[in-house]
Each structure stands twice: as structure tokens, then as C-alpha cells.
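Visitor: Listed here are the chains, written in short residue letters.
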Amino acid sequence: MAVLDILKYPDEVLKQISEPVESFDNELLAFLADLEETMRAGPGGVGIAAAQVGNFRRIAIVDVSAKPKIKHNGCMILINPEIKTWDGMKIGREGCMSVPDYTGNVIRAEKITLQACNAKGELCDYECEGYEARAVQHELDHLDGMLFLDRLVSRRTDLFKRKKYK
Amino acid sequence: MSEWKMLTLVGQDKPGIVAKITTALFDAGAKLGEASMMRLGGNFTIMLMVKSDQSIDQLDQSIDSVVKAMSLTSSFQNIEASLHQHEIPDTRITVYGADRPGIVSKATTHLLDAGFNILDLESDVAGSEAEPIYIMHIEGIAAHGSDALEKAVEQIKTNGVNVDMTPIDVMIG
Ligand SMILES: [Zn+2]
Chain A
1 MAVLDILKYP
11 DEVLKQISEP
21 VESFDNELLA
31 FLADLEETMR
41 AGPGGVGIAA
51 AQVGNFRRIA
61 IVDVSAKPKI
71 KHNGCMILIN
81 PEIKTWDGMK
91 IGREGCMSVP
101 DYTGNVIRAE
111 KITLQACNAK
121 GELCDYECEG
131 YEARAVQHEL
141 DHLDGMLFLD
151 RLVSRRTDLF
161 KRKKYK
Chain B
1001 MSEWKMLTLV
1011 GQDKPGIVAK
1021 ITTALFDAGA
1031 KLGEASMMRL
1041 GGNFTIMLMV
1051 KSDQSIDQLD
1061 QSIDSVVKAM
1071 SLTSSFQNIE
1081 ASLHQHEIPD
1091 TRITVYGADR
1101 PGIVSKATTH
1111 LLDAGFNILD
1121 LESDVAGSEA
1131 EPIYIMHIEG
1141 IAAHGSDALE
1151 KAVEQIKTNG
1161 VNVDMTPIDV
1171 MIG
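These protein sequence lines map, in sequence, to chains A and B. If you count the first sequence from 1, position 42 lands on 42 in our numbering, and the numbers rise without skipping. If you count the second sequence from 1, position 12 lands on 1012 in our numbering, and the numbers rise without skipping.
Just so you know, these hints were derived from the structure itself, not from any lab. Even glycine gets a Cβ: it sits at the ideal position worked out from N, Cα and C. Just to be clear, a hint being listed does not mean it is correct.
[Stated by the list, open to error] Only part of the chain B face toward chain A is listed, based on derived beta-carbon distances under 10 Å:
{"id": "1", "residue": "His1084"}
{"id": "2", "residue": "Gln1085"}
{"id": "3", "residue": "Ile1088"}
{"id": "4", "residue": "Arg1092"}
{"id": "5", "residue": "Val1170"}
{"id": "6", "residue": "Met1171"}
{"id": "7", "residue": "Gly1173"}
Throw the hints in and build the complete structure from the sequences for me.
Guide: Below, the structure written as C-alpha cells:
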């Protein structure tokens, strides 16, 4: 296993669109292990996309389980992922291992459902919300050459929290 | 050796202030760093980091014609500064209510006592002339933890001021 080099913006290759994974073989497993190790080596990194290490296949890993008191699906290996439904909107603060020394506000869906293959190529369904849903949307953007910088909203923008009426 | 200076500039808002000032600085070979620019009470205000081999007098000279033509007030000062030093805020606090004397002082003093370090503060006076309202957004770091901060928030609320405290949970991926 090895910690891979993270590409940093303004490297334009981060804008490249990744291609679907076709073969689920040992090479893929080895790459997944390296990608996960790279994610865990980053300070506070809860997700990574293959594009961030210059591998343009539709692969992302998200693991927010270290965060206390939130719903999560454990360590999600997301291969050829596809978001099926989006629900709600929320502003949250994001940073990116490919964009050091900057965090900014981004609007994401609060809840999503998605389908993705696991490391064995089996199709899995997931429901994500909140912090985990944000991480998944951030990583899947990388597969389409999008950075959170493409979705920034003004730091002044603040959606007043919806009060719950009884 | 080039060092950072802070340019502080203010004047009645009109189109072209930013473009003309930054062009004059660029033409003088200065490098720009981080900035905060905004309209406050009909004035346009600039706080801009400028790095240059030139002295403060020379920098003043380089923007002098723009400053005079646009009736601005400006000054450069030497600062100890560097880039790539962003602190990540962990809490956002919104305060709003009927505008009255002391609202900012009271709120920020309670926050200070609770160990809150302000990184960013923006405020507006809105509403009508007869009944102004005050709205303040603050981002910062709760150095003594969120429990202390929650107590401070409760104290700020006692005067009919609305306070909302939200953790900023930065997702890095
Ligand atoms: Zn990222």
C-alpha cells in the first residue's frame, strides 16, 4: 500500500471527466487500498475521489464514521456511483485536499439516495443525509471535473434555518 | 525587500473604484494579497493587502491621481502579514433585533468572555429609518468550547435580541 500524491488546483487535470470502471480485478483492489490510505493520511479527510490522485476512473471513497453523533454508512467504496434522488438543500462549509488553505460555503442536497458498485462489482443502494450526503456529493463532483470552488456561494449567504411549526 | 502593506481606502461609492485602484497598483508593479471590499452606508471601503518594493510614499504617489479624481481617502501602512494562514471557523453566530445603542458591545463582550475569537464579522442596519433593525453575522472559533458559548448566547438573548448559534462542521474531501 502507498499514500498517493494528491493533485492540487490549479492543475487543470482536476477538471477532467472520469470514465466508468469496467473490470473489477486485483489491480482495482490494490488501487482502492492505496486510495483509502491516501484519504486517511489527509488531515480530517472524510472522502476522496480517484481523480484527485490523477486516476480518472469513476471511483470515490467516503467514510464519515469517525464523526460523532451523525448517521453514516461506514466506509463506502463507491464505484460508478449514481445519485438517484435529491431532497432538501443546506448550506455547509467545505474544504478539499486538492484546494489547500481555503474553505467555502456550498449548497448541497440534505438527503440523497445513490447506487454504486462495491469493490466486487456488486450494485449497492445507499441512503445518505447531512454531513455524509455532503461528502458524497463533493466526491462525485470530482468525477465530473467539478470542484467545490465551482459551487461557492457568498460567505454572506445564509439560509435562515427553517423553524419547525407544530 | 518587499513587505506587505495594508491599503485602507474609503470614499463615496461610485463605479470604477476597484478597477482603477487595482490597475494603478498593478502598473506600479505591486502584488495584491487578500482583500475585503464592501459598501457601507453609501461609501465604498477597501482593505487590501499590497506587496511591493516601493515605499509607502511611492505607493501613495502611484494611486494619487485615482484617489484625487474619485475623491477618495486612502492610506498604506506597514503590516506584519503572510498568506496561507487561514484559520477555520467552527461556529457561526447570527444576532438580530431592533437596533439600539450597545447591542454590538454587549453581544461581542459576552462572546469574548466565553472565549470566542471573531474571524469575520459583517453587520447591517436594515428596516426603516423609524424602526431600524440590526443584523450581524459572525464567524469564529469557540476556544473554550461550545458550552461556554451557549451560556453567552443565552445572556445576549435576555434583552430581546435574537441570537442563533450554528456549528460550522467543515467537510474536507
Ligand atoms: Zn475535494
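Visitor: Find the hints from earlier in the document that the structure breaks and name them by number, from lowest to highest.
Guide: none
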